Amino acid sequence: MKVFLFLPVVLPILAAGVSTASLGWVWLQRVIGLAVLTVSLVSALAILITVEADGPQSVQAGDWPAPFGITIVADLFAAIMLVVSVAMLLAVLVYAIGQKTDTTSRVFHPVYLLLAAGVSLAFLTGDLFNLFVSFEVMLIASYVLITLGGNREQVRSGMTYIVINLIASALFVTAIAFVYAATGTVNMADLVGKLDTIPGGLATALGLLLLVVFGIKAAIFPLFFWLPDSYPTAPSPITAVFAGLLTKVGVYAIIRSQTLLFPHDGPDPLLLAIAALTMLVGVLGAIAQNDIKRILSFHIVSQIGYMILGLAFFTIAGLAGAILYIVHHIIVKTSLFLVGGMVEETENTGALSRLGGLTRRAPLLAVLFLIPALSLAGVPPFSGFVAKLSIAQAGFAVDSYFVVGVSLLVGLLTLYSMTKIWNGAFWGTPPDDAPEKPAPTPALMAAATGAVVAMSLAVALFAGPLYDLTEQAARELADPGVYVGAVLR
Amino acid sequence: MRPARSVILEQGLRATFHTILLFSVWLFFAGHNAPGGGFPAGLVAGSAFVLRYVTFGTDGLPRLAPELLCGFGLVLAAGTGFGSWFLGGQFLESDVIEIHLPVIGEAHMSTVAFFDAGVFFIVVGIVVGILRYLGSEPDSSEAETSP
Amino acid sequence: MILVLALTIGALFSLGTYLVLQRNLTRVIIGLALLTHGANLLLLGVGGKAGEPPVSGIDPSTMSDPLPQAMVLTAIVISFSVTMFLLALAYRSWTLNRSDEVEDDVEDRRIAREPVRDAEDRL
Amino acid sequence: MLVLIALHFVVALSAPFAARAFGRRVLLLGAAVSGVTFAWLLLRTGDVLNGEVLSEQLVWVGDIGLKLSVRLDGFGLMMALLVSGIGVLVFLYATAYMPREKNGRFCGYLIAFAGSMLGLVLSNNLLGLFVFWELTTITSYLLIGWEDTLESARSAAWRALIVTGAGGLAMLAGFILIGQAAGTYELSAITEAPPGGVAVAVGVGLVLLGAFTKSAQFPFQGWLPDAMAAPTPVSAYLHSATMVKAGIVLLARFAAPFSDLDFWQPVVIGIGLTTMLIGGVRALQQTDLKRLLAFGTVSQLGFMTTLFGVGTSEAIAAGVAVIFAHSLFKAGLFMVAGAVDHEAGTRDLRELTGLRHRMPVTFWVATICAASMAAIPPLLGFLSKELAYDELLHSGDWGIVALAGIIAGSAITLAYSVRFVWGAFWDKTPSGAPSAARVPEPTAAHEPGLGLLGPPALLAALSLLFGLWPEPAAALTGAAAEALDQVAEVHLTLWNGLTLPLVLSLVTIALGVGLIALARTSILGGREFEPRFAPDAGYRVFVDGLGVSARYVSAAVQNGSLPVYLGVILVTAVALPSAALLSTDGLGIDTSRAGSGIQIAVCALVIVAALGTTLARRRFVAVMLLGAVGYGIGTLFIIQGGPDLALTQFVVETVGVIGFMLVLRHLPQEFVRRRHRPTKVLRAAVAIIVGVFVTLFALVAFTARGAVPISDYFIENAESLGGGKNIVNVIVVDFRGLDTLGEISVVTVAVLGIVSLVFAVRRGRGGDPDAPVTELARDDVAEPAPSEAP
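Protein chains in written order, with this note's numbering: chain B, 356 to 844; chain U, 37 to 183; chain W, 11 to 133; chain Z, 328 to 1117.
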């Protein structure tokens, strides 16, 4: 068991070293990348199965007892996130190989592996400062990937992205300093008890500062402005993995810190307001856009609002809905960006004004787009419906009628802008200068995208058992004692 | 942009370069008990190359690509973690061993020295990387384009 | 926390913020460096009073807190690496644009400028 | 039943592939699926009429009450028979109607729709019902937009989706409210013991909203006529017999348990009657046969809504009968319109002339269906309408109000029924044609084949048959009404004696004839009439408003400027925690320890250097001063007792400055100077706020510490367990080795990133030629950058 907890973090780092050393041999890098992520996926599944059966698992790095060493800990929430994320990383890697993104720059593979390591560590670490380090690993890898092509637009938007994130990092260090100043510890389980010993207002202030820090990564209102400007310019597989994963790491950190360190008794008005504004402003932004990837980028923001909404209720049903939503969203958003990338690949543009008639030109693409698009909008019987339904129910159960109403309205607006893409790109006539036949899509890209779409269908199909799982995860989150017990044994 | 060569500087450097490298090795081994360790040692070794770069330009840098140094360092450090696991311990678990060093003599050494060595190589890697890629490469590519 | 240290940290944050809010990329990078310095100093400062270097064998009560030092060490190296990458990007930006400015997002600007009534035409 | 529903979807998915083998005949697959369903239902009919109820369920997400449970009661049976029976005919018709190519997808959509509709009418779980409800929305979106190269089809599809989608979401909210109040989402359980309370009343209101949008009730009726952009088989199926009935189905199910809510009768009757009248009047104004029928459908749906709005057992019984009758004649009429279009090449009644002679069979089929719509005896339409009159007379005050409106509406119905038959088949003079000079030629067309004519002929025959021999229809609708309301009974008879309802029927016919006589030139003339106030203005306002507000919001928050983004982030980061801190008492600030003399001196130096680097005009100076700040901080590290840190800081600063220099030598020496005072002041304000916040928070946080820091453990155990005296180093490489592992990963990526950028430079100096030329958009006024590089 203990091996599995470390593998998704340390193995990619080791492999990145080897991959760096084999810069000249792309085939070797590919083999290493695929093999390592497959092993990571297997270990993530092993973690999930164990945690589901035996409760949260932890292991101390270097065998130093908590809270002194760094604890690697997986509860069900972390395990679920880990499995979904690693699966996406693997699928996107296959896609990237199919698109030959990895030959754009020879450093793609090692950096991608380190991104995977950073993401995994962020989910598994039980230490606040180590969480900072994992964020940094993930972020610097993302800086490199977002500017992979080094063209003008990427450099410009990369600059926005990097500067914003550096500010967030500085704020994170600041927050950690304050936490350590007040409590003398950085182990999260240890913090649970020690935060009780300081004045309540100070603890709240620390919680809010951390909320802002994680909120920047998670792209919540009013901290999200950077996202739609920076994501769309990156190479498609990169955008896909960013869209699916990186913001969700932020959401994960928000949920983890708010439930573990700063629990509430009832719905939190601040988070409710943030959720509503995030949903609404994000979707309105999307409606104003005319480029597939930009529309999708604004939707990331909007969807984050739902996850925060589920958290804001601070009930088991709400948390369960939020986790289910995250799972659904990671898969669906990744697949949408992958499809967006395929559109760009076959038609050489993502601008709606320059697209048309794809249902006839590329029927496979149409199917691959329609399923996740409807799912994103929460149309049954796809995964988004179940996720939204569970959050709406949770909201009504605590009388948060207004916010749930907003969330339903946002669902409609999401549908509106998804069908805007459909109307613009998939229906209608192709532009006059479009080539007779669209460029063929590499089979690997289609296969990877298909696999991700199939996963989203599986989420819908097995929503029942999955909800049981997320509910169990939510129960663990609602009782910090479980987590603390697993770490400070 | 290549600095003009100076004989005196070159001669002086030959002497200091190795001294600085030795100093960095000392720092590295001292690190566990006195100020020092992989980071400072790597940075100091890196600054030796800074001097060489200032004096000799690109020729002063190691031929080895800096990213390879990093890769090697990463394998060493992460490998140490795996090593202790293979030997039956926890990931990254350390053990104290007794070794004999010719200069310093009898010493307690922790297995983390290998880990620290990984750090050392990576830090050297980034310093050399900065010199090569921010210094030499733009120089040479500008030289290519200028008439 | 020692008062003068807290004031210095505040000053570093202020000046860093002032620089970061500008459009000139070099200044932004310098501002980020100041902010990082401030954050690192803060992290060290929260360890408490100044003391002897934390080396085993001396009286622990005179020793400064080693854990923040270790964290600062990590933070320094991380911010150094990121700054170096950012410099490379700045150089890249310069070779592409011959300008050292942080530009606005073109698409955002376009959408903001577009006459509002166009919205319905595209439906 | 679930198997049958699933079968639809399986066949739908395989249709595109089957199309490769079967070509146009793939549509027969749909007929087969619907036929199997129909046959199965017929086998069960006897049991159900005897009061048996079949139910099945599939738990999807049990914890949130999401189940696909289906229940075959009398009403479900009637609706399912209509859906599948008309389905068979529509598929047969479509086989003849649709062009040869690319029918696989079309067929798939249509079968999927049939399956969704079947699920919808049989659903017993509210959430499950919603699932099928939305599926019909999506499939109808795809079907309406089938001719996707036409702008009109695309926007019509979009509109139908948005309007019914909006209603659907309101309905979902209503379902959850009702379900949470009732503790179950099972419809049968809710009907048996209806929950009460404000939440339920709101919930029912929301459900009504959903029903009204789906069934094209005022003010949401506009999408339905637009949806005529769909191919005619689709219109015949979705927009007459099935999907638009979904809202009515829901009203029917909700009428018995909830019609005693205060607002039910006035609201539903009001909406229903308004819709009936508006629909009827608009139908009289159309020149396109399909649009005429579409507005007729709107009107008829208003009729049904009114009946369920009255909500008494009697009215419910009548409503069921009307649903049944309407499905038969309206599907037939659409098919006729399609046949005319197919043969004559137009649906514009100003251009069609003389078809009565060329297509006599079609003409008679149309006449029978239209007469049923106009409630002329002895057709089923007449029987059902007379039943409605009769039942409304026994339904209290609201029944009388409804009756009055319905009589008026029915007179109009008769008028537009005549207009349809006249428009499609009669010989015309050119009075109202677009160009008065042009005399329409007798349209060159001939009788359509069996494929196009058979299905509507069968429907017409059924309208006639059930009129003359109403027992089977009465049994079926009677069982349906009983399922909705246990005391409801249906008495369908052709001749009841000279009763008040019969008189009213005759009055209606007389009124209708009178209306035609009065407005002969309008009704039997081709004048096109567009109302000055478009009833769908609401939708336009919504769409425009959405576009405008989206633009406004995104222009306001998303202005593309990095400094603005950063400013917002920093202010938020300060404001939120400050609010919490300021609202707390008992936080102390310890200012007793000012610091030693040397600390004060070094701090002063650091601040001065930092100020210098902020104000420096020249890059070189700024970087040097930044280096000075770094060294100063290194010195502070020494004072603080961190020699390792100081050592690292000094070397890092040195290398860092070199890095800066290597890059900055390419850039101009001086910064671009800006003059823009307001932004400068704003920047300074944000900067000061941030600084003050950090200082105060640091002082407060440290003062609050109560617990012993965990570092004591490191101090005790570094040498004994970690094997090193230098505690910081032991922490870095051992106690917290994982941090370090992450940190060296960062360093490695940084190097790789630099490599990546440098090689990108090499690949294309000056950038990617494909990249769009960036337009500089600046807030501030800037002087042109000096171009000389050092």
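Read the hints as simulated data drawn from the structure, not as lab findings. Here the structure is a predicted model, which is why all the values come from computation and not from measurement. Even glycine gets a Cβ: it sits at the ideal position worked out from N, Cα and C. Errors might be hidden in some of the hints.
To be verified - Footprint (simulated), chain W over chain U, 3 or more residues, beta carbon under 8 Å:
#, segment
1, 69-82
2, 161-170
Stated by the list, open to error - Here are the computed distance ranges between Cβ atoms for each label pair:
#, chain 1, residue 1, chain 2, residue 2, range
3, Z, M988, U, L57, 54 to 60 Å
4, B, D823, Z, E474, 50 to 56 Å
5, B, D418, Z, L1023, 37 to 43 Å
6, Z, R351, B, T393, 42 to 48 Å
Outcome of the hint check:
1. 69-82: holds (count 4)
2. 161-170: It holds, with 4 qualifying residues against the three required.
3. Z/M988 to U/L57: 54 to 60 Å: violated, 23 Å
4. B/D823 to Z/E474: 50 to 56 Å: violated, 45 Å
5. B/D418 to Z/L1023: 37 to 43 Å: holds, 41 Å
6. Z/R351 to B/T393: 42 to 48 Å: holds, 47 Å
Taken one by one, the earlier hints fail for this structure at numbers 3 and 4, listed in ascending order.
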